[in-house]
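Since chain A is already given, all that's left is putting chain B with the ligands on it; use the hints.
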Amino acid sequence: MTQSATNLIPRLRDIVGDDGLLFNREELLVYECDGYTVEKKVPDVVVFPTSTEQVVAVVRLCNELNVPFIPRGAGTSLAGGTLPIGGGVMITLTRMKRILEVNVRDRYAVVEPGLVNVHLTNHLKETGYHYAPDPSSQGACTIGGNVATNSGGPHTLKYGVTVNHVLGVEAVLPDGSVVQFGGPCEDGPGFDLTGLFVGSEGTFGICTKVWVRLTRNPESYRTLLGVFETVTAATQAISAIIGAGIVPAALEMMDQGIIGALEAAFHFGFPLDAGAVLLIEVDGLEVAVEEEAVRIEAICLENGAREVRRARTQKERLLLWKCRKQAFGAIGRLSPSYCTQDGVVPRTKLPQILEFITDCGRRHDLKIVNVFHAGDGNIHPILLFDERNEDQVRRVLLASDEILSKCLDLGGSVTGEHGIGVEKISFMDKLFAPEDLAVMKSIRDVFNPDNRCSPGKMLPTAGGCGTEDHPHKNHPGRRAAM
Amino acid sequence: MPDSQSVFQPATQDDLAQFVTENATNARRCLLPIGGGTACRDAATDDAIEVRLDKLNRVIDYPARDMTITVEAGIRMAELAKILAAENQRLPIDVPHAEQATLGGVIATNWSGSRRFGCGTIRDYVIGISAIDASGKRFSAGGRVVKNVAGYDLCKLLVGSRGTLAIISQVTLKLRPMAETSALVTLTFDSLCQVDAVLNRLLTSATRPMVLDVLGRMGTLARPNEETGRSAHPPQLIVGFEGASRETDWQIETLLAECRPFEPRTTGSFVGAAAEPLWSMLRDFSIGSKSSVTFKASLPPSRTCEFLRLATETGIVAQAHAGNGIVNGHLPDRVSKAEQAFAAIKPLGDLVRSCGGHLSLLRAPSGWPALDVAADSWAESLAWAQRLKRQLDPHNLLNPGVMAFGPA
Ligand SMILES: Cc1cc2nc3c(=O)[nH]c(=O)nc-3n(C[C@H](O)[C@H](O)[C@H](O)COP(=O)(O)OP(=O)(O)OC[C@H]3O[C@@H](n4cnc5c(N)ncnc54)[C@H](O)[C@@H]3O)c2cc1C
Ligand SMILES: Cc1cc2nc3c(=O)[nH]c(=O)nc-3n(C[C@H](O)[C@H](O)[C@H](O)COP(=O)(O)OP(=O)(O)OC[C@H]3O[C@@H](n4cnc5c(N)ncnc54)[C@H](O)[C@@H]3O)c2cc1C
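As you go down the protein sequences, you meet chains A and B in turn.
Here my numbering is used: position 171 in the first sequence is 171, and no number is missing along the way.
Here my numbering is used: position 126 in the second sequence is 1126, and no number is missing along the way.
Quick caveat, the hints were computed from the structure, so don't treat them as lab data.
It is possible that some hints are incorrect.
Stated by the list, open to error - Computed list of chain A residues with no C-beta within reach of chain B, every gap over 12 Å:
no.	residue
1	ILE9
2	ARG25
3	GLU39
4	LYS97
5	GLN256
6	HIS364
7	ASP450
What the hints assert, rightly or not - With the Cβ distance kept under 8 Å, some of the chain A side facing chain B (calculated, not the full set):
no.	residue
8	GLY152
9	VAL294
10	GLY416
To be verified - Just some of the chain A residues that point at chain B, by a computed CB distance under 10 Å:
no.	residue
11	THR203
12	PRO218
13	TYR221
14	SER413
15	VAL414
16	ILE443
Each residue gets a CB set at the ideal place from its N, CA and C atoms; glycine is no exception.
Just chain B, same shape as in the assembly:
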């Protein structure tokens, strides 16, 4: 971080609004909202101010029986989870570095993990929001009730807006009851082709999975099978269930029976506490690598295995939320130059582009050019997104350059 960059850490939402207002009327320096700072990023300009939101972490109201909570956006995810757990409730979004990551950061990045197949994403849980725009104006949308269609749904607009439209200061969430128990079933197969066939079969499974993840290559937990001498890193399908014990037990049995005809190489099932290490591994996949380049891709779920096949051929370690067509991948450690990385990603980008998807870098060494590949079908919507950005932040003060509005 360059020395000239200063930091502002508001203690209250009013402080924040006042500071942003003063900045907008006077110096007009760029503002970089920071929650837990777990999503690394380059400073936009030397002259920018980091706005650290982690002191805005109060619980405003928690009417547990209504299954909603209103909190300030700087609250850490682990802290939030602890408060909810005391009432046997939860926000079912899997976030790495939960001790550090903040709710505002999760919302701004629209981060999601394995449970998104069964539980949806943060977009489905934010029912009310307050934020401060670049001029310092504090505005709210939605409310504190679980059903509400009054006014435009600015909650949706701010989810995934990467801090480029407004600084999120307060949020009301809809909550879920804690599941009685959860379980993970792992199945390894000889090829991604087989995994694809199994995924197809599971479309009409008698079970109702919460998680449908596929780990390509070294992402798998399976140890090399020395006896058979087959590929040391076979693709692995991980299916998750939640519910009452009887329900999850029945689902494990049923799933294994349904998959038997596909002759999985190995299978395993993990229930309750025994599944915890595996849940952590799934949750932390995006940070669990020494690789310096991590990307995220989205494509139709039916193309996921094809994508993984291309990725593993290049030595990429990847985790797919296969039910949703979301893939996180780490480039091999040896890739250290931008040209090398972009060449490795090119075939993946081409595939994504050809099927309506999107690929962007989550993490890359500083100084690398941005990489954001989107199918042509997104072009007009990006142009409208840019118009909205100009309308709400005409001087481009909030996280300039963070959101890619045009094809890279």
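Looking at chain A on its own, in the form it has when it is part of the complex:
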């Protein structure tokens, strides 16, 4: 621990109290990484503020003592977003988890950043409204973390991602000032700084309050499971559904590799010999969804589906969604370790990228399974390996790199929802021109001129890996922490 950090502890204790901080080596180990476990680093101290004022005081102190600081929610980031580069103070927001206001008349709620995503939707149950963004990790991840990473989820195909549902944020900026961007009224004066803040991965400051938009619940659902012989046939069906002008609420694909693991875990009755299944949900008015479901069934069958099943009861529907949302958990049955990627391609390029992934697995002698947001073209290939096998780890990193590069070749992106973090920082200069990065940096400089807040994230440092202890592993690779 550095000298300034030693001075830090008693003063932090004054701010957050005895039970508001951790600094023993063993206790800190929990915070050495998030869902991205390839790189590890413990912070010097972890604090658990309970109010905006405490966050302000912590940030001011860090500035005074020139110590870096980084916000953290539940630590489910899959991109190393919470890796404390340079050590310093980790500001964990999980104790700021109150729902401050629910205003159905004006269709918003105000929440603290540490609130777990699904807790908000549970809280809204009686109102007929919900908070739309539903990342698969919604049982654990926080709204503050969602704001920072602009999270998506299965239902973002129809409803949009986090930024489409955030009306405003209160933040403690890196200089320690508190600012409110946006709020309950739309179309405020000045620039859309709410939109700019969302997805800034903690590099513009610490979000301490969020105004979220509430969305009316759909009246009805139809949840279908299309069973296909091949992945290619399934992707053709996707194109045909969207091409027919239908926007399903969700359109998720699972390939044969993952179906087996899901069946072993949940006993849903998935066909083990199918090449791929599509989980398709349409929602809306009862008068409309049946018609859409019938059209989708027909399109699937025209495109070679072996059968199209329907969830007949709400229980069956929820089980299907449980299988999908806990798919990562089921992978433990397949392999001791795994690494999932988050590439995006234009929807019509799905057959190409999936073919490439299969081929890539073959070339590197790796098993790769797929479960992903197909309607958005957002792939999540999961590369299975054994952490103890160094050569396998090397091949996993190589294959990941090739897959993401291929996404770029196909006109896509290296991250649809998990963020750049530290993991994909080396891809930034492939995605963006130097001028693009220069403008982004100049904007970060406005809010975070000393780069003391979340250093080493999102933007590459000029001249390479830069930051003192950033490992020279400029390859993506990670296992989800489950």
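Chain B with the ligands alone, transformed into the frame defined by chain A:
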């Protein structure tokens, strides 16, 4: 326009970048980006150059099956709509003067219309952007895929930036399928109080409206009811639906049934082509007046009727997107002096200020002082907006004075 003001009309994005670069290194004259020129405005300085973007109007790529399109920012909205319609797709943003207004102008002004309740605003559709900053540097953000979180979301920063941060040159949009059919239901009520109660009821309506507009006073289409002799201009609620025919028919019936207990004075429903004149009226409301002063206000949706009541008392004709708390209003024709206008707007400004909102003038006679009323809660964010402006345009070359950064 003063004679000394010159015009530059680039044919390509490279021309534009080169011109801006040269200007930044040499004369450093102010640049006023112009799309269709439908949002009128005073010239910033005599020495400024108008940069006309309407020749930058090419379609770069339209992979229709991916439901995205990449175009140059000077493309006219009507032209864009035509291209999309050929693929049965659309950008569901209602824009007046679509034959003239450009995509870049819509993005720069964050313009929106009645469908914003159900379809969102242009912010929700811009997934990739390229722009040229005041130094001539061309930069991009986002990409061409519908889901992408790489890098800062500069699309959001540029939406609504009124041409003060950079000149938008190219845009990638996410698209929607064309709706099979659309319908509008009109209901007139005796008072705005009743409209408010109905809006409250509709929060848990079995229907899912796309449009929730309220027209205050002369904004309504309803003709005076001579038999009853009641107020000639009752407030009118207009609810819009889109979807399959069966779906819209069912929604019209259901809505009317839900509103019956509130005893609407008159009701009407218009489906498909029959609704077109009404859609046009809603879309063109902001330009459909001879009034010389038009404003836009935003406030919590629950305060909309209160705002409309105050507005109509002053003789203001207003259209509210009541589900979003957005109001456009025209001052009475007889108002011709700034002091008169500001006095008429004052109570509205006070209300907006007291509930976290914002009010600004869209149109006013030239030479009038600016009017931009914002609640105190916006003060810090405006200060940060100004810092961003200084960072990206340190010499204040792009549309100087167009964006109000402080309380007026
Ligand atoms: C099994 C599994 C499934 C997942 N599925 C999805 C999915 O479907 N869609 C999806 O988008 N993501 C998914 N993720 C990724 C992850 O859950 C999201 O990125 C989530 O938003 C992170 O929230 P968190 O609270 O865990 O944040 P953390 O992991 O703690 O932090 C994430 C980033 O946000 C910053 N941050 C956190 N809180 C704040 C704050 N208050 N202010 C400013 N910055 C802050 C951190 O510094 C870090 O950069 C999944 C992860 C797992 C493990
Ligand atoms: C303040 C205001 C006043 C309005 N007044 C009227 C009105 O009187 N009549 C009417 O019909 N509609 C008006 N509108 C609505 C307006 O017509 C729509 O917003 C329309 O979409 C503008 O498109 P345009 O191409 O005509 O833009 P323009 O009128 O050419 O420009 C509008 C604004 O956007 C900027 N801009 C235009 N293109 C670009 C670009 N490519 N990059 C960066 N900045 C750009 C301009 O500098 C200007 O500030 C107004 C809107 C606003 C916000």
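Outcome of the hint check:
In this structure A/ILE9 is separated from chain B by more than 12 Å, as the shortest Cβ-Cβ distance comes to about 31 Å. No Cβ of chain B approaches the Cβ of A/ARG25 within 12 Å, the least distance being about 34 Å, so the stated non-interface status holds. Every C-beta of chain B lies more than 12 Å from that of A/GLU39, the closest at about 19 Å, which supports listing it as non-interface. In this structure A/LYS97 is separated from chain B by more than 12 Å, as the shortest Cβ-Cβ distance comes to about 24 Å.
Every Cβ of chain B is farther than 12 Å from the Cβ of A/GLN256; the closest lies at roughly 25 Å, confirming the non-interface assignment. For A/HIS364, the requirement that its beta carbon stay farther than 12 Å from each beta carbon of chain B is met, with the minimum near 25 Å. Remark: the non-interface label on A/ASP450 is consistent with the geometry, its nearest Cβ contact in chain B lying 15 Å away (cut-off 12 Å). The criterion of a C-beta within 8 Å of any C-beta in chain B is met by A/GLY152, whose closest approach is roughly 6 Å, and the hint holds.
Restraint check, A/VAL294 versus chain B: the minimum CB separation of about 12 Å is more than 8 Å; hint violated. With a cut of 8 Å, the hint placing A/GLY416 at the interface with chain B holds, because the nearest CB-to-CB distance is about 4 Å. The criterion of a C-beta within 10 Å of any C-beta in chain B is met by A/THR203, whose closest approach is roughly 8 Å, and the hint holds. Restraint check, A/PRO218 versus chain B: the minimum CB separation of about 8 Å is within 10 Å; hint holds.
A cut of 10 Å between beta carbons decides the hint on A/TYR221: the least distance to chain B is about 14 Å, and the hint is violated. With its C-beta approaching chain B no nearer than about 4 Å, A/SER413 sits inside the 10 Å limit, and its interface hint holds. Taking 10 Å as the C-beta cut-off, the interface hint given for A/VAL414 holds, the closest approach to chain B being about 6 Å. Look at A/ILE443: its Cβ gets to within about 6 Å of chain B, closer than 10 Å, so that hint holds up.
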